[in-house]
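Number of protein chains: 2
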Amino acid sequence: MPLNRYKLEWKVGYTSDPSILPDKWVNASVPGAVQLDWASAEGWPHFWQDGDVGRYAWMEKVYWVYETTLPRLEELDGKRLFFVSGGVDYRFLVRVGDRTVHGQEGMFRRVELDLTDVAKGGETLEVVVFPIPDSGLGEGRIEASHSVKPAVSYGWDFHPRLVPTGIWRETFLELRSAQHIKELEFDYVVEDDFSVVKLDISVELSCLASGVFEWSLVDSEGEVVDGETVNLDQQSIVDGACEVHDPDLWWPRGYGDQSMYFLAVSLHGENGELLDTKRRRIGFRSCRLVMNEGAWEESPEMPKSRSVAAMTLEVNGKRIFVKGSNWVAPDVFPGVVGEDAYRPLLEKAASCHFNLLRCWGGSAVGKPSFFEQCDRLGLMVWQDFPLACNCYSESPEFLDTLGQEAAAIVKQLKGHPCVVIWCGGNELFNSWSGMTDQSKAIRLLNKKCYELDPDTPFLPTSPIMGVGHGGYLFRDQLGKECFEVFQTARNSAYVEFGIPGPASVEKLRSLIPEDQLFPPRSEGVWRQRHGFGAWECDEGSWLCMDTVERYFGRPESIEELVVWGQLMQAEGLKGLYEEARRQKPYCSMAINWCFNEPWPAAANNSIISWPCEPKPALRAVRQSCRPTLASARVKRFSWKAGDLFEAELWMLHDGPNSVKGDRVEAYLRFGDDESFVLGWYFDALEEGENRVGPVLRFRVPEIEEQTFKLILRVEGRPDWNSEYDFCFLARAN
Amino acid sequence: MPLNRYKLEWKVGYTSDPSILPDKWVNASVPGAVQLDWASAEGWPHFWQDGDVGRYAWMEKVYWVYETTLPRLEELDGKRLFFVSGGVDYRFLVRVGDRTVHGQEGMFRRVELDLTDVAKGGETLEVVVFPIPDSGLGEGRIEASHSVKPAVSYGWDFHPRLVPTGIWRETFLELRSAQHIKELEFDYVVEDDFSVVKLDISVELSCLASGVFEWSLVDSEGEVVDGETVNLDQQSIVDGACEVHDPDLWWPRGYGDQSMYFLAVSLHGENGELLDTKRRRIGFRSCRLVMNEGAWEESPEMPKSRSVAAMTLEVNGKRIFVKGSNWVAPDVFPGVVGEDAYRPLLEKAASCHFNLLRCWGGSAVGKPSFFEQCDRLGLMVWQDFPLACNCYSESPEFLDTLGQEAAAIVKQLKGHPCVVIWCGGNELFNSWSGMTDQSKAIRLLNKKCYELDPDTPFLPTSPIMGVGHGGYLFRDQLGKECFEVFQTARNSAYVEFGIPGPASVEKLRSLIPEDQLFPPRSEGVWRQRHGFGAWECDEGSWLCMDTVERYFGRPESIEELVVWGQLMQAEGLKGLYEEARRQKPYCSMAINWCFNEPWPAAANNSIISWPCEPKPALRAVRQSCRPTLASARVKRFSWKAGDLFEAELWMLHDGPNSVKGDRVEAYLRFGDDESFVLGWYFDALEEGENRVGPVLRFRVPEIEEQTFKLILRVEGRPDWNSEYDFCFLARAN
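Just so you know, the sequences run in chain order A and B.
Residue numbers for the first sequence follow the working numbering, beginning at 1 and rising by one.
Residue numbers for the second sequence follow the working numbering, beginning at 1 and rising by one.
Each hint should be verified, as a subset may be incorrect.
Each pair may be met inside one copy or between any two copies, as identical chains are not told apart.
[Said to hold, decoys possible] Straight-line Cα separation of at most 30 Å, DSBU-like style, residue types lysine-lysine; simulated pairs: (1) K440 to K411; (2) K182 to K198; (3) K635 to K318; (4) K7 to K79; (5) K635 to K304; (6) K304 to K440; (7) K7 to K660; (8) K304 to K24; (9) K440 to K414; (10) K411 to K660; (11) K440 to K198; (12) K198 to K709; (13) K507 to K318.
No lab work stands behind these hints, which were simulated from the structure alone.
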């Protein structure tokens, strides 16, 4: 905490009438959520272990009052007292004593209130939070359709109905000089040949200021690149500009360094005294969405429609095959999420050779430390605005809030080089949402992004034309396996695809009473934890007992169920990531649904259980996303004795390097017998080049085991080896 | 000409250096184009009769200087002298004496220059027009890719390479009071139940003004609806607002009246003297693009993409099936086009039961009288911005020009109720253009339209997802007839589809020397006039000799060729319009390519020859676009003796009314024999309801003639009768 900041001690209570104070107060943790404070005071179990989250329902309908007492500060000495909050969720007032000094709808805009003239110390400061937003149109996510409030909180197929509310971002008092830096903004352009970055700096001061303003741009080694000292002449705006020659560009991981610069600005008074200072990290990169290779050549018969949307990400002039995952809220309560929660998750994402996370629009936009980590790790971010699966309002009030919230989000994040795509929100142009290109919310977001960050691509929503979302099952409702579905699909990008898998046995035991653990029942805790009836399209989701049974027979223990379920998730995701990579360059992205989860689910499409426990699928995905690997395209998962097993061999390769040719050897292991089937010499692979090889065929023998393996070994490059498990069906199916 | 306006007499000449005056001057017609002035002075033939338009080529490379002498005006008496031009094409300077007072790139922005302080009378006033814009990237339309200059002028499959330049809009001097009305803007919202229109008026005055400002809104009967008198208090902005209860809405033709209001504003000085006045016609209507019926229900397998774009036009809450045509520049030189040219063309469009014209982005945006006529006739306008078939620049300079030009276009036209769709331009998201959703030009246009006219739909380009452009032939390169193509297509809107037809024999004789007239040759005048090699996809276009011959044998005279060619255009277009209507409501628009043409073509997709001579296809289209008609879906055009002729009977119906049921009788006429084949009673048709009837079958007899007819008669409603001609193939084909 800087010296000029004062932490506040808060209490919180509820009331049905904001003009009447609560009867009962409890200690409040800020940032946090009222639900957590109340549960803690009541001694309720942690919500993630709670079999009855319904007990939180009433909290949505009341007003919550946070109260603190303003400290009696020493003589202000000409300084100004500011109340600063990074965000209050969702609609709220701020009162000092009896006086309402601020009202706001929207949780993503920072609050900065100059209290100097209304508070001398000793007054109460209250933040009155209104009942959660509710469109009144129905139950569930549609309640969020008139607000910029993450829709996931209203219940989703992996999220309970539990709608956080309260002060969710860092909140404090701050003493500032009367002359201080109100806003520091910058824009930059990377020249087409990447030899020069042109940086423009714009600073807004709190008043018509005199004195001296200084700025400097410093590279990652502490060398000053450029800077300027400006004698102020009663001005409230200061501009600066510089050119960075031979800039150290920021690259996504796998393509180069994650170089950053620092921009430091300081404001001095007329006597040279330091009045204020700000420091921002900046990374320089260019990014565009360009047409997928081959997409312009698709020439449908007349009448002709348009070509598919451009979905190939080009960073610093380099086309990048996107490997990544959908990031969802890492907790039901975003207020308690911080760097400690982000760091291990993001490091696991990096370990998977991912280069991008799609921050899904159902969830809240992350906190600054999320983006700092992504900058550091070279994890690009596709940031949805917080809209998902609704037909969002066209009312002037909603559009006004959306415009302000969006502007705040873009301004906060645009300095982060990791943010390479803005997107209006999730699945808005589909029947279950009902928005179209004409929807004002989308047109407004396009406008805001164009004004504030025109050089970062903007997507109106996802999916757009040519892009695929789904499927989400190993075996779909039509009886098609995921392998078949994706081997016959032709999309420019797969930005949601999932295979569900159960949590570990240990995690399940922590959630589910022993007497309900096995066999799983479709009601009760298993259902509450998304094992059954989670997804409207499939009653058995996400445990998918029928599918497991179809391949492996009825499991005899929870352990067996988990092993088979996790194996199918792992093998399914291997098949899908590698198939998407095989479809490169027409296909440009492989982003599974989803990476993490907001609370512990019994089964889910995530490859990590809450809070950060990888399922076996994570290791599988890590294998399939290596820059270079031997890979096999196999049509299906299950085989019987006598079947002619077929696998098309491939070398998959991406990243900025070429690699030498080598020899792949393919083996099949049935029980303890490993047979060499085929050897394939492949020549050097150019940058980003895949290579298709021969098809191996082998008659499946009768075996005892329920699985067998295909093993690909690359001579001298064991790090390129791959293994695949298949199901051996003892009986005719 | 109002009393305070002064017409100017101009001369024009060219120079290679704008600082050196031309050696030779000729009289200039303003508005017009330098080419027309020079040709007239040289005694060249009219360009539209000219076999050598190449003689104009050098004019593109030089500077053109328009010069006039400023009149010595009486004592200005405190008034200001303005130079006003509606538009100069394309980049230009304005000089008074030696002094450059204005520079501009862009032909759609009005020029208003206060010359009071630089001119006392007697000075020369010069408008220096730069060489035509040229991107330098190649020849043809690509030259226009860095400018907001209509691309058609650079050569198209129906337009010669002839690029107009010069003063193309009304241009004059005007005396204004120092206090005058600089800008009058308004916005309105039609309430959801159409019972109230809320009108906001905003006026910018030329300076901080005192005195009195008055405004009034008057309905079409001269009744004052509302108004206000404002005492000015040193202000330069005046706002007004009113509510119109039970408003007379403006309706597209066929759906109601084209009611208009007048907004009159006046500015008076402190002594009550009238200083300035303005008057604007306003029509009130709401319009939206909503999802086509059935389009949300289309559920592709996973991976799922988005739904198609919303393309059903809803005006004042009523879904309207769009029947219309593509409007192209009615002349090579937009400077000479005015109300006299528009009126007969637009009245023909109205006579076809069209309710919309798509003003194609290859051409210049029309002049005010075009939109006034469309308002009056109830012809809706889909207005493309002037971009077509190029990958438009991303340079800041281009985007700056585009932004200013687009804003000017929107502000000029948004009061016209007829303008119901803004569109970024023609075929920009196709391979031959290469733009994508990410293109800054498109994002900028979306932003400008959202800011200035948010309640009028915006399309980024056409076609968009689900919409079809093409085909343009009776029989395509794959050998498919247009009937088959469209009966198997499934598009949400057909917004370009064409069948070429030759001009009349009389017109051909006026263009083509007698010795070249028949048989047509693929070079020379026939080619220059688009009879051959016009369209890169088809060497024989637009005369399509092979296709005519395939059905009717080799024609023996120009008359025979024209009869058959025009018959095929007429029958083809009947089939296409009626098929699009049968596909309602999934299909929402039928807009053929194209209505008119900019100079006389020997053959073209247009249904009108330049300047305003309908081909037989126009009458055919008029038949097929009647609100109610008996219609037949027939799979093909040509039949042989012994074939089983089949026709599916339909009643097509649109518009806001229901109609009574009746009896359709179908006859086939072979030579002089007319056979009654089938009678069909149909029940009442609800508003907008089509009805499919029985399929008639009839064995085709041997006949002498080359055509036979299907005739549908509706008892008591001869205005619903329809006739179709088919080709009788005497020989096996």
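Against the structure, the hints:
1. K440 to K411: both (21 Å within a copy, 20 Å between copies)
2. K182 to K198: Intra 23 Å, inter 38 Å, cutoff 30 Å: intra-copy only.
3. K635 to K318: Close neither inside one copy (33 Å) nor across copies (51 Å); limit 30 Å.
4. K7 to K79: within (18 Å within a copy, 65 Å between copies)
5. K635 to K304: Between copies only: 21 Å across chains, 33 Å inside a chain, cut-off 30 Å.
6. K304 to K440: both (27 Å within a copy, 24 Å between copies)
7. K7 to K660: Classified as neither: same-chain Cα gap 59 Å, cross-chain 78 Å, threshold 30 Å.
8. K304 to K24: neither (67 Å within a copy, 51 Å between copies)
9. K440 to K414: Classified as both: same-chain Cα gap 23 Å, cross-chain 18 Å, threshold 30 Å.
10. K411 to K660: Cα proximity of K411 and K660: none, with 45 Å in one copy and 62 Å across.
11. K440 to K198: Classified as between: cross-chain Cα gap 19 Å, same-chain 33 Å, threshold 30 Å.
12. K198 to K709: Neither way: K198 and K709 sit 55 Å apart in one copy and 72 Å across, limit 30 Å.
13. K507 to K318: neither (42 Å within a copy, 57 Å between copies)
Taken one by one, the earlier hints fail for this structure at numbers 3, 7, 8, 10, 12, 13, listed in ascending order.
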